[in-house]
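Chemist: The primary structure of each chain is shown beneath.
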Amino acid sequence: MIRKLALAAVAMLMAAATPMMGQAAELKVGFVYVGPIGDFGWTYQHDQGRLAIEKEFGDRIETTFVESVPEGPDAERVIRQLAASGHGLIFTTSFGYMDPTLKIAKMFPDVKFEHATGYKRSDNVSTYSARFYEGRAVIGTIAGMMTKTNKIGYIASVPIPEVVRGINAATLAARKVNPDVTTQVIWVNSWYDPGKEADAAKALMSNGADIIMQHTDSPAGLQAAENAGVFAFGQASDMIQFAPTKQLTAIIDDWAPYYVERTRAVLDGAWASQDSWKGIAAGEVVMAPYTNMPDDVKAAAEKVAADVASGAVHPFTGPIKDRDGTERIAADAVADDGMMLGMDWFVEGVEGDLPK
Amino acid sequence: MILLDPRPQPSRALALLSPVIAIVLTLVAGGILMAAMGKDPVEALSIYFFQPFKEFWLWLTLPPGEAEMWLYTPSEVVVKAIPLALIGAGLAVCFRANVWNIGAAGQYTLGAITGGWIALSAPDGASGIWLVPYLAAGALGGMAWAAIPALLRVRFNANEILVSLMLTYVAAQLLDWLVRGPFKDPAGFGFPESKEFQDGFIMPVLVGGTRLHLGAVLAIVAAVALWLMMTRTMKGFQVRVIGAAPRAGAFAGFSQDRTIWFALLLSGGLAGLAGAVEVSATVQQLQPQISAEYGFVAIIVAFLGRLNPIGALFGALILAVSYIGGENAQIMLKLPKAVTGIFQGMLLFFLLACDTLIHYRIRLAAPGRA
Amino acid sequence: MENFFFQMIIAATPLLLAAIGELVTERSGVLNLGVEGMMLMGAVSAFAVANSTGSSTLGIVAGAGAGLLMALIFCVIALSLLANQAATGLALTIFGIGASGLIGQGFVGVALEPLAKLSVPFLSDATMLGRILLGHDVMVYLALALAAGVAWFLYSTRGGLALRAVGDNHDSGHALGYNVIGIRYLATMFGGACAGLGGAYLSLAYTPMWAENMTAGRGWIALALVVFATWRPWRVVAGAYLFAAVTQLQFYGQDWGLPVASQFLAMAPYVATILALVIISRDVNLTKANAPACIGRPFRAER
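Protein chains in written order, with this note's numbering: chain A, 1 to 356; chain B, 1001 to 1370; chain C, 2001 to 2303.
Chain A with its partners taken away, still in its complex shape (with noise of 0.2 Å):
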């Protein structure tokens, strides 16, 4: 009789430690954010893809999301609490979820994960990251054509090769229609500190720089631009109501496209490992509309996005000589992608300290 009791104790116990079971959404998709989705950057554009998987399937799945996740020993467990209660896809959206991802993924081998800017894959792991750097040399293009001292201000946040290449991409297309651009460098040492983004803006601006351009998350040194009336180019959104009379165009990461995608393999029974690294052709890299410049920039800015889109041209396009005077590609080659991967030097025309 008491071990009766128990055992139905323990079942009740049972039922209400396992959440939500039997509802009716096909399938569970969790998130696991790195940053607030209150950032207004790298974390809201991932949540902005999940809000469009959700209005995509409607009842058929259910999300889940967790933010502000430390890329330490948190994110371990809060990728097993998610694959452990049932979510059956997952995106850790940032490069240190890449280990404890592959071990949870080990340990819950029906449950498919998606790694986003990381280089390891196993059977349920894939990767995926986009080409941001194609969406730079289009606002380099402009900038090349904008500027009137010549002088583009980079706020960057920390040497990572991801940023190092936009730096790069940027600084090349630039020059490309515009051999005097130089491009100086501001490192911020931080995704996202607004008011430091907005000194960082200020003191480029001091030394000359007319375009700002930025790979850090808050839109402050946008604004920062906009209230000195200098020229400057959105992140990750569309900024344009931070700085709507400077504001020549922004990258906007859209995984929207992505997450719907690998949502539907999963529902549809053909999910499987890949890595996948897609750029303005897929549509994860998007330009917004195209302000605040005359008629000729904006016709040369549309033509790079599509050639690049197309393939005709490739930002990274040999010779291409390192700051030291190295030769990194020869004449004609195009950078592969494992040397884009790894990219730790400065083209010519880069001014400002790299870390090694």
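No wet-lab data here; the hints were simulated from the structure. From the three backbone atoms N, C-alpha and C, an ideal C-beta is built for every residue, glycine too. Each hint can be trusted.
To give an idea of the interface, some chain C residues facing chain B are shown, with a C-beta separation under 7 Å as derived from the structure:
(1) L2082
(2) A2091
(3) I2097
(4) G2098
(5) G2101
(6) V2278
Let chain A serve as the given structure and place chains B and C on it in line with the hints.
Modeler: Chains B and C in isolation, oriented as in the chain A frame:
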């Protein structure tokens, strides 16, 4: 106006009861908050607070084969509590000495750096015995960082709260520079992280299928040892006397300077040890983020434990439950993280406030007369 | 160089506002480590109100009010119920980060007109000094006026005398008939209101937007500043400008090509504070003349 009447003696009943009262108050206020967010308060609070305990009970009662899966969450609570308990126990002693080490986060970071330096410079194929110098280096690193505020306080009378706090930022930048520079993994695509530690430098896991590691034993040993020291030894007596009444201590021939050194080196050493333990057990490499904020959270842990090293163990568990409850609430209830921060803040407010009941009776009176 | 100094003044203003408030709090013998949380609540409240009403004045008032209410929570727990001040302050910061995130949910990605810059005809542009000092927004001058007001209050009024007496020795202050807890409540709430203003400056003028955690540690710097300044209002002003200058150097230094890793530049303000702290603290008289002896210690009236 709130008036407090001192009790002739601290109430033993309330010493046990006050956390219960605090939790009840948090449940009531939290329930209102959850209801305001449109969630079922009972379900929400049970997920927030009781999920780990429920699963622990399932692990105890279910037959082998079904039980194992339920151990994970409870074990994670312990994993989360380990660094908090290690740092908190040291801070409890430090604060008892009336020395205010607010910079345990920096000492934690230094412990990870010095330990990591050993781990990254060891020969290939290093065996588990290397854990001993690794952990020792971590503790020494933390002590070295804590020695700076100790020296500046003793020699120049510089406020240790501020010096230790400032050094936290310096330590974070130092780690950042190291993992982007000298410690960077050459094969890591330029990402700011070191090579992964070899197997010999990984804290042994105590229970298969979980991350419960040897650090749990270290935390318990440290807490008990410090408790014994504080209650049974001359050194502990000195610390308590100097902390409570420096002049009486000086009269008794106890050196305040030596107590400052002792308190800072002890708490710094434990914070450094915690840093080395945590890096080895969970991330297993150096990277810019190694959860250094544990050093701040441990201040709350020390006070929740009423500045008793063993109490710090419980304080650490309470904090760990509230962190993991916050994650579960995001996953199962889809509550934003901000709500869990508010909830955690309330819990701490109530816990801190209710301890007053142990020493005082509360009386409400008309304002105007003190 | 001109821009460097102009920018330094802006960067110093939120630090100055928060620090001058914390100075008053600490002078009364209370250590409130919750500055970061109070600043965030000030920032989000100011933005929300300014955005909804269109009035930046109301926004500034709301920022101060939110900081004040946060400080009131601290007062009840730490002053009335005698909980440890350091722990309560840290809990206040955790609470403030959460609460500001929740309040701010609807304001992410919303832009706001920056606070209007004042301009003095002719003088603002004529000289380099004019260009650096004039032409800021009203809160820059408000912060300076606040510092002047605090300096006057502390050293030239009976209220200031009472405040300092209570902070230096609450028992004798109590014996002299001062309402110790009442004075500390007021001082702490003033500190909260100032921290709220500091937050409001961030979300209304510095970077006119709301983003979670946008203070990014400035509350902690403000705490450092108060000690750096040995609890003297005018030194807080100087310290805030110095601190802001060192932070700016992190950016202008890269631009000017200083051959130092940016992490070491980022460390500089903190190392500078430690060094300054050592220099100031070496002179016992200097510290004793300024430091509130009762800081952080709870008080309960015996009668």
